[in-house]
Amino acid sequence: MRGKAVIEKAACAACHAIPGIKWPQGELGPSLDGFADQGMIAGRFSNRPDLLVRYIRNAPSMTPGTAMPAMPISEGEARDAAAYLYTLHDR
Amino acid sequence: MQPLIFTRFMTVEGLAGWPPPVFDPAGPFAGSITTLAWVLTGMAVAVLAIVLLAIWTALKGRPALRKRLGGERMIWIGGVAFPVVVLTLLLIWGLSLTSGISKPIAGTDMRIRVSGEMWWWRVSYLDGQGREILRDANEIHIPAGQTVALELTSADVIHSFWVPRLSGKLDMIPGRTNVMRIQADKPGVYGGQCAEYCGGPHALMGFVVVAHTPEDFGRWMASRQAPPPAPATNEARRGAALFASAGCAACHAVAGTSANGLAGPDLSYVGARRTLGAGILPNNRGAMIGWIGNSQAIKPANRMPAYTMLPAEDLKAIAVYLEGLK
Ligand SMILES: [Cu+2]
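Chains as they are written, first to last, in my numbering: chain A, 31 to 121; chain B, -4 to 321.
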C-alpha cells in the first residue's frame, strides 16, 4: 500500500486509469489495469521490475519523445509504485 | 458528492490542508463558529434528554408526577416560556458572536475579491479604493494574524465559499457582493471547497488559502507586481510560442505577454501554484501535462478542451513554459 500512496502523491492517475484509485482516471496514457500480466512495458521493454522502476522514474530516457514524463519520485518510491503495479492482475 | 471529496488524495503532501477538517478552527472567525456549533450540539442533546425523561415519566412515572406533567402549567413553562427564553438568548448570543464576520467593508480593511466561476475561482487583490492591483486564480494569499475582507461574487451560478478552518460558509451570488472575513492565526495552507452544488464537476472545485508571515506576505505581494520571468530555455520558448499558436491565450492571461484571455484562470504565476485544476491535483510536470493533454478525463465537463491532438513533445514544451512562470 506504500506504492499506492506514492502513486497518489505523484498524481500518476492524472494520465492513467489505475485499479484501486477511484479518482482521477486520466486518459492521456494507457490504463494500467492488468499491467502485472502484460509482456512489455510501453511495447518495448520486457516487463521486469528493474526496467519498470527505471521506466517509472525516467521514461523519456528510455523512449525519447514519449508523453510519459520523468516523475519526481525517488528510487525507493519508484520500487514501491512498481510493487503496487505488479498487484494489478487480469481480472 | 461528499465521499469523492473526502477520499481523493488523502495522503497527498502536495495537497496540504486537504481534506479541510471542519472542527479544527485556525482563526477567530472559524473559532466562534465552532463554539456556536458545539453549544448548539450540547443544547440539542440536553433537550433530547429532557424530552426522553418526560416520555418516560408519562409512561412509567408515579401518578402524582404524571398529573403534573399533563397539567396546563407544564405547557406554559415547558412549551412556551422555555423555548422563547432559550431561543431568544441563543439568537442574540449567536448573532453577536458572529457579527464581525460579515459587517460591511471599512476603509482600512485588506480586500480581496473572489469570483466563483464554473468550476474555478477568479481572485483579485484590491487596494483601499477597491481598484484591482493583482490578478490570480485558485489560490488566495493572506498575511497571518490579520483580518482579510473577502468580496464574494459569482460570474454564472450560485457557488459557496468555504474554508472551514478560517471562517464560515457564504454563498456567491451573481450580481451581488457578499462580504466575509477570514483570518488565520498562523502561517499555513488551508484547504477550501465550493459548498453549493453548481453543476458538473462541482465536487472538484477546490482551492487553497496560503497564510504567510506578514513580512513574507509583503515580499510575495511585491514580487507579484512584476510580470513573470521570460522563458529561459529553447524548450520553454517553444512552449510559449505553442501557448499562443494552440489557442491557449484566447482563454488564459499571462502578464507581460500578449496572452490576455479571461475565460479561464490567470496563468501569470501558474508555476508557483500549489495545485492544478482548481485545488485538485498537485502541481508537478506529470499533472501539468496530463491536465493540458486531457483535462476532460480528470475533471469531466470542465470548460477547458482536451488537447490530445498536440504531440507529446509539444505538451511537454508547454508544460515546461508554464512551470517556469513563478
Ligand atoms: Cu459548486
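Hints listed in this document are in silico derivations from the structure and should not be mistaken for laboratory results. Every residue gets a Cβ at the ideal spot worked out from N, C-alpha and C, and that includes glycine. Possibly wrong hints are sitting among the right ones.
Using C-beta positions, here's what the derived DEER-type ranges look like [stated by the list, open to error]:
1. Ser104(A) with Ala236(B): 30 to 36 angstroms
2. Arg74(A) with Met216(B): 45 to 51 angstroms
3. Ser76(A) with Asp211(B): 24 to 30 angstroms
4. Gly89(B) with Trp53(A): 36 to 42 angstroms
5. Met92(A) with Met216(B): 55 to 61 angstroms
6. Met70(A) with Glu210(B): 50 to 56 angstroms
7. Ser91(A) with Pro222(B): 32 to 38 angstroms
8. Asp211(B) with Pro60(A): 55 to 61 angstroms
9. Ile45(B) with His119(A): 33 to 39 angstroms
10. Lys181(B) with Arg78(A): 23 to 29 angstroms
The list that follows gives simulated cross-link-like pairs (lysine-lysine, BS3-like), each with its CA atoms no further than 30 angstroms apart [as the list claims (entries may be wrong)]:
11. Lys52(A) with Lys34(A)
12. Lys55(B) with Lys181(B)
13. Lys39(A) with Lys164(B)
14. Lys98(B) with Lys52(A)
15. Lys39(A) with Lys52(A)
16. Lys39(A) with Lys98(B)
17. Lys181(B) with Lys321(B)
18. Lys98(B) with Lys55(B)
19. Lys164(B) with Lys181(B)
20. Lys164(B) with Lys34(A)
Inset, instruction - Indicate whether the distance between the beta carbons of arginine 74(A) and methionine 216(B) respects the range 45 to 51 angstroms. - result: Once the Cβ atoms are compared, 49 angstroms apart, the range 45 to 51 angstroms for methionine 216(B) and arginine 74(A) holds.
Legend entry - Straight-line alpha-carbon gap lysine 98(B) to lysine 52(A), limit 30 angstroms: Since the Cα atoms of lysine 98(B) and lysine 52(A) sit roughly 42 angstroms apart, the hinted pair is violated (cutoff 30 angstroms).
Legend entry - Status of the given 33 to 39 angstroms range, CB of histidine 119(A) versus CB of isoleucine 45(B): Since isoleucine 45(B) and histidine 119(A) have Cβ atoms about 59 angstroms apart, the given range 33 to 39 angstroms is violated.
Inset, instruction - Take the C-alpha atoms of lysine 39(A) and lysine 98(B), compute the straight-line distance between them, and say whether it is at most 30 angstroms. - result: Violated - the C-alpha atoms of lysine 98(B) and lysine 39(A) are around 40 angstroms apart, more than 30 angstroms.
Inset, instruction - Sort out whether lysine 55(B) lies within 30 angstroms of lysine 98(B), counting only the CA atoms. - result: Given pair lysine 98(B), lysine 55(B) is violated - Cα atoms ~52 angstroms apart, limit 30 angstroms.
Inset, instruction - Could you see if the CB distance from methionine 70(A) to glutamate 210(B) stays within 50 to 56 angstroms? - result: Holds - the Cβ-Cβ distance for methionine 70(A) and glutamate 210(B), about 55 angstroms, lies within 50 to 56 angstroms.
Legend entry - Cβ distance range 24 to 30 angstroms for serine 76(A) and aspartate 211(B), holds or violated: 51 angstroms, violated
Legend entry - Agreement of lysine 52(A) and lysine 34(A) with the hint, judged by alpha carbon distance not exceeding 30 angstroms: Given pair lysine 52(A), lysine 34(A) holds - Cα atoms ~12 angstroms apart, limit 30 angstroms.
Legend entry - 30 angstroms Cα cutoff - pair lysine 55(B), lysine 181(B): Not OK: lysine 55(B) and lysine 181(B) at ~55 angstroms, beyond 30 angstroms, violated.
Legend entry - Beta-carbon spacing of aspartate 211(B) to proline 60(A) - inside the hinted bounds 55 to 61 angstroms or not: Since aspartate 211(B) and proline 60(A) have Cβ atoms about 43 angstroms apart, the given range 55 to 61 angstroms is violated.
Inset, instruction - Mind checking the hinted window 55 to 61 angstroms against the Cβ distance between methionine 92(A) and methionine 216(B)? - result: 44 angstroms, violated
Inset, instruction - Please work out if lysine 164(B) and lysine 181(B) have their alpha carbons no farther apart than 30 angstroms. - result: Within the cut-off at roughly 20 angstroms; holds.
In terms of the numbered hints stated before, the structure departs from hints 3, 5, 8, 9, 10, 12, 14, 16, 18 and 20, listed from lowest to highest.
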